[in-house]
Amino acid sequence: MLEQIAPNGLLRHLITLDGLERALVEQLLARSRYYLAGADARAPRDASLHGFTVANLFFEASTRTRASFELAAKRLDAEVLNLDVNTSSRIKGESILDTIYTLEAMHIDIFVVRDASTGVPDMIAESVAPHVCVLNAGESNTSHPTQGLLDLLTIQLHKGDISGLRVAIIGDIRHSRVARSAARALELFEVGELRFVGPQEFLPDAEEFPQAARVHEIDAGLDGVDVVMALRIQKERFDEDSEIPDGEEYFRRFGLTGQRLKHARPDAIVMHPGPMNRGTEIDSDVADSAQSVIREQVTNGVAVRMAVLAQVAEYIRAWRSAQS
Amino acid sequence: MLEQIAPNGLLRHLITLDGLERALVEQLLARSRYYLAGADARAPRDASLHGFTVANLFFEASTRTRASFELAAKRLDAEVLNLDVNTSSRIKGESILDTIYTLEAMHIDIFVVRDASTGVPDMIAESVAPHVCVLNAGESNTSHPTQGLLDLLTIQLHKGDISGLRVAIIGDIRHSRVARSAARALELFEVGELRFVGPQEFLPDAEEFPQAARVHEIDAGLDGVDVVMALRIQKERFDEDSEIPDGEEYFRRFGLTGQRLKHARPDAIVMHPGPMNRGTEIDSDVADSAQSVIREQVTNGVAVRMAVLAQVAEYIRAWRSAQS
Amino acid sequence: MLEQIAPNGLLRHLITLDGLERALVEQLLARSRYYLAGADARAPRDASLHGFTVANLFFEASTRTRASFELAAKRLDAEVLNLDVNTSSRIKGESILDTIYTLEAMHIDIFVVRDASTGVPDMIAESVAPHVCVLNAGESNTSHPTQGLLDLLTIQLHKGDISGLRVAIIGDIRHSRVARSAARALELFEVGELRFVGPQEFLPDAEEFPQAARVHEIDAGLDGVDVVMALRIQKERFDEDSEIPDGEEYFRRFGLTGQRLKHARPDAIVMHPGPMNRGTEIDSDVADSAQSVIREQVTNGVAVRMAVLAQVAEYIRAWRSAQS
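Protein chains in written order, with numbering that gives the first Met the number 0: chain A, 0 to 323; chain B, 0 to 323; chain C, 0 to 323.
It should be emphasised that the hints constitute simulated quantities derived from the structure, not laboratory data.
Source: prediction; values computed, not measured.
Glycine is no exception: its CB is placed at the ideal position from the N, C-alpha and C atoms.
Be aware that a few hints might be false.
[What the hints assert, rightly or not] Simulated pairs of lysine-lysine, DSS-like, Cα-Cα distance not exceeding 25 Å:
1. C:Lys158 x C:Lys73
2. B:Lys158 x B:Lys261
3. B:Lys261 x A:Lys73
4. A:Lys158 x A:Lys261
5. C:Lys261 x A:Lys73
6. C:Lys73 x B:Lys73
[To be verified] Partial pick of chain B residues on the chain C-facing surface, computed with a CB cut under 7 Å:
7. Arg63
8. Pro274
9. Met275
10. Arg294
11. Thr298
12. Val301
Please model the entire structure based on the sequences and the hints provided.
So this is what it looks like as structure tokens:
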């Protein structure tokens, strides 16, 4: 299994939240808070990555996550190389590792990788030279660690200590890297109660998250929770499996409406990783309500990515110092 | 209707030239002249946008306008995020406003927006937070204000005072945002005479520009003018409407040739917004003649965009100061 | 014929290695060595292109060469404008020279051009203003001068003086700009022996490289050589011409295996321009062996491009000084 922590104790790769120590995550969250802007809406920045090169290597299309990592890197004064490589050209051409070795030979310091297949970020991290770091920007339905961290940060900023909280995640958890990383992050911080809410087909196998409650009915799922996280519905799944209700029917049964939200605590916050299908998994009024922290999640996402980039840059600096 | 000027009197958005005061436009032109290069062909630059982030959000493909805005922003030391979002993915995914809110949450300060539908830049400007500015980089056939400004600047640099000039715009004015913005700019500066020249199907409704003369015959249209502006012919229109002559026939009837240009004043300048269809709307020799200022338009375009960016950055700075 | 050297003796364009003086190439190689990183894997950088704008104008798709030029320019502190213009849109729209004139009017200082047609970089270099430089980033099967330089640099770093060396180039030399530029570079440095190895259909006409030996059998081709350069097989050629063996058959007859490499000198280096088809033109073990310098070629490529960019920037500076 990949070692994300270097022998000197510093974070080198961020592929998964599994197995990370809570102290390290706390450190990342503290650094993220440092990278949140002040009241004048000015983007925070410093020169932590001056002289470093970050390659955004997206084998799966993305606008928002790519933009978030790109802005994070540029605001730390890195050079950024954007490479949108679709899977078909990857199959036709050289192997993915040869692409990595080629870019590494151009002095890429940090790879930000998104891929539709489980294991690709891990494989890359296992293969790069000792002064190179790899960050997972979304991996199949397996892992999306910076999303997990930004969700944790968002909850912490609103609710403080996680351990007393009840959190409901609603939707297609089974196929969601967002849900997996959020759940891992919440478990690490000993969340009071974690509920997975959705139709049977959308819930992961019970053994994957033994501590999570599994609820098929949304009102019961929302009862008394402090945090509601609605997931994006991948509409393309509706066709594949007749067991799953289509858009309108889904909204009727599982859509997060103001009426249903009343089952949660009055000060519950509403989260969504975006992009939203308004009227499918979430009602438009709820998305724009005072309880919604959806846009804050986006802001926190840039801060988390700046923190992670700055953290692994410390590893690289330490490696360089050790060479001289 | 959208207010482009902030309560403190500063320009905040630039969506249309309609309703702008002449003094403000004069100020933008003066600033544009400041951003024109000296004799050594060196690109002008300063740090007016240091610490700002500009997002080029192009829902309609563009190479030259995107490049012009990108270079303008970079030469003012901004961070630039390029987002080419085609309309189909916009329809499938989240709403355009959710895309905007997401990017705004990443601390985008200025949105540069191009869209094929009338009203989209306006809608975005109405929706963003008070410290965010929106610039229209081309909107359907409605508005292209920086193009209007660069045309005005180009004429002014060659001819000085606009009020004594006769200007002919030739081609598909009806479907041209370039022509609309140029006409508005010229009217604001009380152009002596404005002529729309083209087949009936290519002229806008008379009530839209009551002051403009409408001429169906090119030699008469060019008679004695100081400025000739040829428009790009959208060749795809030829198929849709049998009333409109095709490429060769169009050139025979309305193409700007050296012979026809003799009807204009001997010192008349020739303009074209680009990209040109040589041999359709303009003869190649005319495009490359001493009277052509087509390449100067491009240079002036970067300067105008730098001026507009620097101007709205002043609004943002004032907003920030007012917060603290 | 295009003059690549300006009247003041400085390199202005780099379109081909043909006709360059050896002293100039030595100067470029010395500068490239300066841009190679130290032992701490840090990317070298300086401000040689501060205030300059480089446009990467790729009419033919490329990931690695575009990335190499982009990083080279950014690490010299240039502004970089990436323009991926596919050939179809080029045909539909304005002429290629009008695209160039438009970009030139935006104060592009250096064009980096890749095109599938012979003559395009040359035509552009003939057409630009006197303060603008053009670099060829790959032209049909004709020329790829920075690749030739990086190959020369790589050999020199490992073997020192070129004149005593025996070099074998294996594969589809006839259709390879890489092979042509490498051969020109090696001839300029009076390589001891140059062998073209491949099936008859893959070898260029004898009169093009009269000094090169032509060998149809790989073991004989490798006998006693100091340098082995395997070329990428364009698999799409297999279908067109039944004379050429397909992938597996090609590997059986011409694939570079460890067994065959034993015919070369024991300290022979193995080169490949990338991207590799492992198992077609080269065995995976050979690509990763201690004799392989394939990744060093990539690193040297960035250094060579930095050197060439910095060199033509000197021409531009001299031109500017002469204006004032």
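Verification of the hints:
{"no.": "1", "hint": "C:Lys158 x C:Lys73", "in the structure": "violated (31 Å)"}
{"no.": "2", "hint": "B:Lys158 x B:Lys261", "in the structure": "holds (18 Å)"}
{"no.": "3", "hint": "B:Lys261 x A:Lys73", "in the structure": "violated (54 Å)"}
{"no.": "4", "hint": "A:Lys158 x A:Lys261", "in the structure": "holds (18 Å)"}
{"no.": "5", "hint": "C:Lys261 x A:Lys73", "in the structure": "violated (49 Å)"}
{"no.": "6", "hint": "C:Lys73 x B:Lys73", "in the structure": "holds (13 Å)"}
{"no.": "7", "hint": "Arg63", "in the structure": "holds (6 Å)"}
{"no.": "8", "hint": "Pro274", "in the structure": "holds (4 Å)"}
{"no.": "9", "hint": "Met275", "in the structure": "holds (6 Å)"}
{"no.": "10", "hint": "Arg294", "in the structure": "holds (4 Å)"}
{"no.": "11", "hint": "Thr298", "in the structure": "holds (5 Å)"}
{"no.": "12", "hint": "Val301", "in the structure": "holds (5 Å)"}
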